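*Asks:* Now for the letters of each chain:
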Amino acid sequence: MRFLFRELSRSLVTHWKYNFLLLFELALCVLVVFVLLFNVKTSAESANWYKTTISDAVRYQLNLVEDPSVSSAEIIAAEGSNIISAIKSNTSWKFYSWCETGFGIPFQADGSFSLPAKFESGYEDGVHLESNDELGVQAVKCAYFTPEVFQAYGMTISEGNGFSEDDYTYEEGQPYPVILGSEYKDYYKIGDIIDGALYTQDDSLKVIGFLDSGSFIASPGVNYLLSLDRYIIFPYFTKEILKDGSVMKDPLGGITGAFIAEGTLLITDPTVDVQDEINKITNTYGFPAIQCVQYTGSTIESAEVISQRNVTLLSVLATVICGLSILSIGMILKRRTEKEMLTYGMYMVSGILPRKIYMAILLELMLFAGLAILPAVWLSYYQYHSMVVPPWQLLCISIPILLISTLPVRKLISRVNLDQIIRRKSQ
Amino acid sequence: MSLIRLEKINRHYGAENKQTVILKDLNLEIEKNEMLAIRGKSGSGKTTLLNILGGIDFADSGEYFFLNEPLKLRNQNDAARFRHKHIGVIVQHFALLDDLNAYDNIAMALWADRISPKELRSRVETLMDELEILTLKKQSPIELSGGEKQRVAIARALIRKPDLLLADEPTGALDEMTEQQILMILKRFHEEGNTLVIVTHDDSVASNCSRQIHIRDGQVV
Numbered sequence: 000m001r002f003l004f005r006e007l008s009r010s011l012v013t014h015w016k017y018n019f020l021l022l023f024e025l026a027l028c029v030l031v032v033f034v035l036l037f038n039v040k041t042s043a044e045s046a047n048w049y050k051t052t053i054s055d056a057v058r059y060q061l062n063l064v065e066d067p068s069v070s071s072a073e074i075i076a077a078e079g080s081n082i083i084s085a086i087k088s089n090t091s092w093k094f095y096s097w098c099e100t101g102f103g104i105p106f107q108a109d110g111s112f113s114l115p116a117k118f119e120s121g122y123e124d125g126v127h128l129e130s131n132d133e134l135g136v137q138a139v140k141c142a143y144f145t146p147e148v149f150q151a152y153g154m155t156i157s158e159g160n161g162f163s164e165d166d167y168t169y170e171e172g173q174p175y176p177v178i179l180g181s182e183y184k185d186y187y188k189i190g191d192i193i194d195g196a197l198y199t200q201d202d203s204l205k206v207i208g209f210l211d212s213g214s215f216i217a218s219p220g221v222n223y224l225l226s227l228d229r230y231i232i233f234p235y236f237t238k239e240i241l242k243d244g245s246v247m248k249d250p251l252g253g254i255t256g257a258f259i260a261e262g263t264l265l266i267t268d269p270t271v272d273v274q275d276e277i278n279k280i281t282n283t284y285g286f287p288a289i290q291c292v293q294y295t296g297s298t299i300e301s302a303e304v305i306s307q308r309n310v311t312l313l314s315v316l317a318t319v320i321c322g323l324s325i326l327s328i329g330m331i332l333k334r335r336t337e338k339e340m341l342t343y344g345m346y347m348v349s350g351i352l353p354r355k356i357y358m359a360i361l362l363e364l365m366l367f368a369g370l371a372i373l374p375a376v377w378l379s380y381y382q383y384h385s386m387v388v389p390p391w392q393l394l395c396i397s398i399p400i401l402l403i404s405t406l407p408v409r410k411l412i413s414r415v416n417l418d419q420i421i422r423r424k425s426q
Numbered sequence: 000m001s002l003i004r005l006e007k008i009n010r011h012y013g014a015e016n017k018q019t020v021i022l023k024d025l026n027l028e029i030e031k032n033e034m035l036a037i038r039g040k041s042g043s044g045k046t047t048l049l050n051i052l053g054g055i056d057f058a059d060s061g062e063y064f065f066l067n068e069p070l071k072l073r074n075q076n077d078a079a080r081f082r083h084k085h086i087g088v089i090v091q092h093f094a095l096l097d098d099l100n101a102y103d104n105i106a107m108a109l110w111a112d113r114i115s116p117k118e119l120r121s122r123v124e125t126l127m128d129e130l131e132i133l134t135l136k137k138q139s140p141i142e143l144s145g146g147e148k149q150r151v152a153i154a155r156a157l158i159r160k161p162d163l164l165l166a167d168e169p170t171g172a173l174d175e176m177t178e179q180q181i182l183m184i185l186k187r188f189h190e191e192g193n194t195l196v197i198v199t200h201d202d203s204v205a206s207n208c209s210r211q212i213h214i215r216d217g218q219v220v
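Which chain is which? The protein sequence lines are A and B, in order.
Under numbering that gives the first Met the number 0, the first sequence has 120 at position 121, and the numbering climbs by one with no breaks.
Under numbering that gives the first Met the number 0, the second sequence has 178 at position 179, and the numbering climbs by one with no breaks.
Some hints could be false.
Distance windows between CB atoms, simulated [stated by the list, open to error]: (1) B/Lys-137 <-> A/Met-365: 57 to 65 Å; (2) A/Met-358 <-> B/Asp-128: 28 to 36 Å; (3) A/Leu-402 <-> B/Ile-114: 40 to 48 Å; (4) A/Met-365 <-> B/Asp-174: 21 to 29 Å.
Covered, in the sense of this in silico footprint (three residues per stretch, anywhere, with C-beta under 8 Å from a C-beta of chain A), are these stretches of chain B [claimed, not checked]: (5) 67-80; (6) 188-194.
Calculated directly from the structure, the hints in this document are not laboratory data.
Since this is a predicted model, take the numbers as computed values, not measurements.
Think of the CB as a built atom: it goes at the ideal place given N, C-alpha and C, for glycine as much as any other residue.
Kindly generate the complete structure, drawing on both the sequences and the hints.
*Replies:* Structure follows, in structure tokens:
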């Protein structure tokens with residue numbers, strides 16, 4: 000052990016330039032593979048999600064034929080809740096829906112944002128929300144959910160509680176109960192009150208729970224999954240108790256159109272003619288037509304194929320990058336070893352086994368393997384606030400790369416010509 | 000009693016069609032407690048013979064007996080193990096490691112041994128004291144004179160108390176006074192009952208040895 004540690008400390012100092020280059024190269028490779036792995040993982044999760052959650056069930060996406068904001072706005076607002084009730088009461092399917100909304104969190108006293116930009120609505124699309132400067136609020140991603148959404152997408156609560164039946168009735172003046180996406184855990188805890196602007200400038204939210212990391216929802220009409228890790232989830236209120244004690248039905252009537260347009264029917268009776276049933280409901284209330292579009296097998300299949308193709312492509316890229324790193328690190332190590340041959344030669348002349356010299360090199364490289372994963376760990380925490388790819392998986396990248404890269408070194412050391420080395424030094 | 004016996008040792012360099020014969024059917028016997036000088040012209044194969052004795056180079060054919068046992072060195076691991084047990088080597092021009100100080104250049108030979116740090120320090124310091132280089136322990140090799148470097152190289156070879164000390168031109172690069180000092184150290188080692196083999200061009204070094212052999216055309220004459 001003494002030799003291993005003495006040689007490690009000597010080599011770290013003597014070859015600091017080579018070592019820095021080695022570490023940089025390896026860390027870069029691990030970082031790139033980490034990003035690729037993360038995408039492979041997400042892609043594989045998407046494919047798996049489609050397979051297990053969507054593909055084995057018959058679903059219909061509802062589409063409002065008319066634009067709810069134009070001619071039929073009044074009737075949609077007036078009859079929206081009746082339509083939803085009628086759709087919900089039909090036993091041939093389960094109806095669930097969600098729609099996006101906005102909530103503004105005020106800037107801090109010094110004018111800076113209260114939360115990182117990643118929580119802002121439009122962040123993923125690269126939208127800057129400078130217009131909010133006038134209001135002094137940061138618009139964050141929010142959505143209303145009906146109770147069935149949680150079940151339909153298999154969501155679980157990691158901390159606190161889900162929405163109770165009472166939570167779907169809003170009491171005027173009270174904070175709105177909300178469930179937060181997992182990435183909010185660094186900023187809020189259960190029971191916190193978040194002041195901000197929902198309908199007025201003085202609304203507030205009460206945190207009752209956190210969603211599990213990696214919760215998704217399907218974005219209707221688009222073949223990708225929407226991560227809820229940065230979302231604030233509101234219950235889709237069906238009633239509101241006003242301050243005077245009176246009860247207002249359908250307080251979200253104004254957004255009923257959008258809500259229906261985001262609706263999904265999960266079919267439980269395969270014999271039902273879905274479009275016909277929906278037509279009957281809309282005709283009863285003189286409601287604009289709702290078109291029902293089945294999630295076709297090809298839609299699901301193509302989404303899955305895209306995911307699988309991504310997985311394959313990213314895996315090939317990761318393999319190529321690892322291969323290139325092995326070549327490059329192997330060259331650096333070989334060069335370093337060639338420069339060290341007199342030292343290694345004198346070790347051997349003094350009776351130190353080549354095997355031990357190789358072990359000292361391996362020990363040094365294991366140290367580099369550990370250090371090389373740190374940038375990826377930092378990126379993971381900085382960007383995703385969790386170890387999206389566990390450290391042991393990152394070590395599974397860095398260690399084999401180094402082990403394979405040392406093969407030429409092993410050959411150099413075990414086949415060393417001591418006679419030549421000594422004579423060269425003598426000359 | 001013979002310490003080493005070489006029988007029909009052959010060594011050549013180069014490709015098969017352009018071979019340079021270095022040693023040809025060489026026979027040699029070295030007794031225990033002998034101080035042997037190997038002499039010969041440049042290129043006669045003195046260093047090759049010394050390297051074969053130390054397992055630094057390998058013979059193409061022939062038999063090597065150490066303490067009357069045939070020695071089979073299949074690879075560098077075997078050779079290093081053999082040197083670790085029996086051999087100390089002083090190479091030409093010292094070959095000290097510049098990134099280690101004088102103390103570590105000597106202690107390095109014990110790094111792989113299972114001895115306590117205290118014993119290691121004591122052994123190195125005692126030997127450095129005997130060779131009058133204890134005050135130089137923190138010095139880098141580039142700060143040492145030729146004689147001091149040679150003493151460090153000798154200490155490195157002696158630190159594990161070998162059965163056989165091999166020295167290639169140990170006084171080659173030294174002035175006359177330093178040469179005498181180094182010779183005294185080697186003689187003292189011999190007088191303590193140890194065996195030495197020295198490759199040398201120097202008559203005064205050779206005359207201090209108990210036996211001299213000459214190599215010519217790859218053979219002992």
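*Asks:* So which of those numbered hints doesn't the model satisfy?
*Replies:* Violated: hints 1, 3, 4, 6.
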